[in-house]
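> For the record, the sequence lines run as chains A and B. Reminder that position 17 of the first sequence reads as 17 in the numbering used here, one-by-one numbering, no gaps. Reminder that position 371 of the second sequence reads as 371 in the numbering used here, one-by-one numbering, no gaps.
FYI, nobody ran anything at the bench for these hints, they're computed from the structure. Predicted model only: the values in this text are computed from it and were never measured. Heads up, some of the hints might be wrong.
Just so you know, same-sequence chains aren't split out, so a pair can sit in one copy or run between any two.
[To be verified] Capping the alpha-carbon separation at 30 Å, the derived lysine-lysine pairs in DSS-like fashion look like this:
#: 1; residue 1: LYS377; residue 2: LYS364
#: 2; residue 1: LYS10; residue 2: LYS108
#: 3; residue 1: LYS108; residue 2: LYS63
#: 4; residue 1: LYS364; residue 2: LYS308
#: 5; residue 1: LYS308; residue 2: LYS56
Chain by chain, the residues run as shown.
2 protein chains.
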Amino acid sequence: MSLIEPRVLKGFRDILPGQELVRRSLIRDLEQGFRTFGYVPIDTPVLEYTEVLLGKGGGETDKQIFRFTDHGNRDVAMRFDLTVPFARYMAAHLNELYLPFRRYHIGKAYRGENTQRGRYREFVQCDFDIVGTDTSSADLDILLTVVTAFEILGVTEVSVHVAHRGLFNRFLAHVDAAEQSEEILRTVDKLRKVGMENTRETLAALLDDVRAQQIMAFVTAEGGFEDIVLKLETLAGGPGEDSARMRAVYAAAVEAGAADNLQYDPSITRGLDYYTGMVFETFLTELPSIGSVCSGGRYNDLASLYTKQSLPGVGGSIGLDRLLAALDELDASGEAESAADVLIFCIDELLLGYYHGLARGLRKAGLSCEVYPEARKISAQFGFAEKKGIPTAIICGPDERASGVINGKNLRSRESFTADALPAAIQLLQDILRTS
Amino acid sequence: MSLIEPRVLKGFRDILPGQELVRRSLIRDLEQGFRTFGYVPIDTPVLEYTEVLLGKGGGETDKQIFRFTDHGNRDVAMRFDLTVPFARYMAAHLNELYLPFRRYHIGKAYRGENTQRGRYREFVQCDFDIVGTDTSSADLDILLTVVTAFEILGVTEVSVHVAHRGLFNRFLAHVDAAEQSEEILRTVDKLRKVGMENTRETLAALLDDVRAQQIMAFVTAEGGFEDIVLKLETLAGGPGEDSARMRAVYAAAVEAGAADNLQYDPSITRGLDYYTGMVFETFLTELPSIGSVCSGGRYNDLASLYTKQSLPGVGGSIGLDRLLAALDELDASGEAESAADVLIFCIDELLLGYYHGLARGLRKAGLSCEVYPEARKISAQFGFAEKKGIPTAIICGPDERASGVINGKNLRSRESFTADALPAAIQLLQDILRTS
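Just chain A, same shape as in the assembly (with noise of 0.2 Å):
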């Protein structure tokens, strides 16, 4: 029979077991600082019916979309994101639940995009949200939760990028500018790919010169948050609702004492998503080519598709892969931690009970270990504890058993012991542990 070649499908990939150590670790911290938060986590299928993902009749020509006709003959598509599924989620179980709901949502979504751009077609989303409530509360606490996630991954080198798109958008009707706001934003929100002066030209083509030279004014203002914020409701015509949301926000964070990390940037802004309110992105102050690593903002209303009751909300989403790469060039992705804190060498496979009784031993002490499953050459087993990392080893043969000793070895620094019984090698073994 001929063999098949095991390969996966483009755009796919399979994780190597140093990565996915990284990636479980990641997403275990991240979990953590969501907890502290009073986040709940949530599941929903990858499979869903087109029309609930899509809308009725919409995207029927969106060939990203993982769609195709079940046994059931049912016309249905993989999860593209996890902020649609979330938003039926909420219509469906409203009664379940409690307002103000905290949820985070940690799993794969799918893609056809074009892989040149080193995108993959399976990617592991993380979204956190907080819906039934439009408050500059919930909107602080999504901003502290973003510098927080990143205090508990090792990173405070993160600069909150935060704006108002209501305000951006009164700007816009001030300037006279409103009905090509579509345009506006897409191409403001490509400034920090393309340069000012690419933007300006763009906006002036759209409309003139003196226009894109207001927009231009808008979205470069710089300075302090609050500084930014009185030039821009200056611009925009007079204070307003946006302009104070923003303040109460940011006076909010600094009584808090979490300020430091957020910054007004008046040229976010989330291109044509279906933000209304506060947007944001995240950039990593070493890395700021990687682009932002968690962004998110305020919305109208979750769910007016499924349901007819209001739902507010403001929420974030971290690419999971995305940031792992970032973490990984910026030598913060953590060590990949060896599978096992000590190999059970076999000198004997008549001594199996021996061995596994060791180990036993061992886990019950807190420490992970391994049994070499046959009594190959000692060089063999030397050179998979090396391959694997495993920083000790316990080396026994029929004399050890019947003695009782244990003779045991630092694979670094390739020292070796002997203990009179398993305590005090489980002692010497995690005193190399403690400062390998």
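Since chain A is already given, all that's left is putting chain B on it; use the hints.
Just chain B, lined up with the frame of chain A:
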């Protein structure tokens, strides 16, 4: 615009926060168990080439597979277990891994099963395997992994029923029934469900009364582990590698102090699966009706579809959904821990920064807390805490902010407390949380 019904597909489901908290805590516990044995995590794509999952031309008519043609005109399918992707993975990454390789994999899989039996079409599978070694040590390792995993979950009343497929096959050859072995395996596999008499009748119809009686004598042999192995090898014509392996595994388990949960059960065959050596199923002593919660065995060659390298292995698989249902029935699934330890009430919306500052202080001390975002009636805020099961509250207004005094409440006992400052309040909250 008419609303879209927020429904999910038949056989799929949303997971509410209470369930998801339990599921994630279960997964964390299982992972901790796997790590102490040296297993490392991997991941593979949910979507694969159909050829890779089903073999060349295989399974054309398999209605249980979610299969479709993607935009690139590829014949693709969603994985229906974690075993086939693991086989492909081993073939693809052999040079990047080390043998023996121990991995665990927790992920979703998809089957368009008949949903009437309470099965889901999207389910979470948890597999663990040791590949690259055909030894008693690895067989025992898998059995110990099962026992330890359940110990960690707090379930000690667990019984791992072990048998050897090779010994059964040798017996069938000995009584001249090897040709019908497929049907016999399938029949015996249902013994627990359909009962002794039905099984004997089916076997008699397939063979004859004498051989049906012989097979029934084999699969219902009783006694201690070693007694049964001796009986069975006699029925199979004498000693063999299969019975020797089972003896070695059991003797080692006894020496390692881990034999209490093992029993030889000759009726375990694992139906038509690809197992060649030891097979096992795991039953909860207090809940036998739910069936096996963890099963597996030894296979000759994991990845022969994809590579010429022989990869013998042994492994087990836990259906997480069934296990969760079982633990729930045993009340062993653990409290769905409340999302937060403390609710910080909102008495005055102008005190936003003060409230979030208190929250930061609590979190730094290791407490999880949630800031109520609006100055709703105090009864509404109490109701919210009660619904979410938050056990304590901090209830402060402008006076407390001015004086630095903190008012708190144990929401279970309804006792209030007043602390001079935040550190004292944290101490009191921690005392309440410890004892409640």
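> All hints are to be evaluated individually against the structure, with a verdict given for each.
Verification of the supplied hints:
Taking CA atoms no more than 30 Å apart as the test, LYS377 paired with LYS364 passes inside one copy only; the shortest distance there is 29 Å, against 51 Å between copies. Proximity of LYS10 to LYS108 under the C-alpha cut-off of 30 Å is found in both arrangements, the shortest distances being 17 Å within a copy and 20 Å between copies. Taking the shortest alpha-carbon separations for LYS108 and LYS63, both the intra-copy value of 19 Å and the inter-copy value of 25 Å come in at or below 30 Å. In this homomeric assembly, LYS364 and LYS308 never come within 30 Å of each other (Cα to Cα): the closest approach is 55 Å inside a single copy and 40 Å across copies.
In this assembly of identical chains, the alpha carbons of LYS308 and LYS56 lie at most 30 Å apart only when taken from the same copy (16 Å versus 50 Å across copies).
This entry does not satisfy hint 4, going by the numbered hints stated previously; all others are met.
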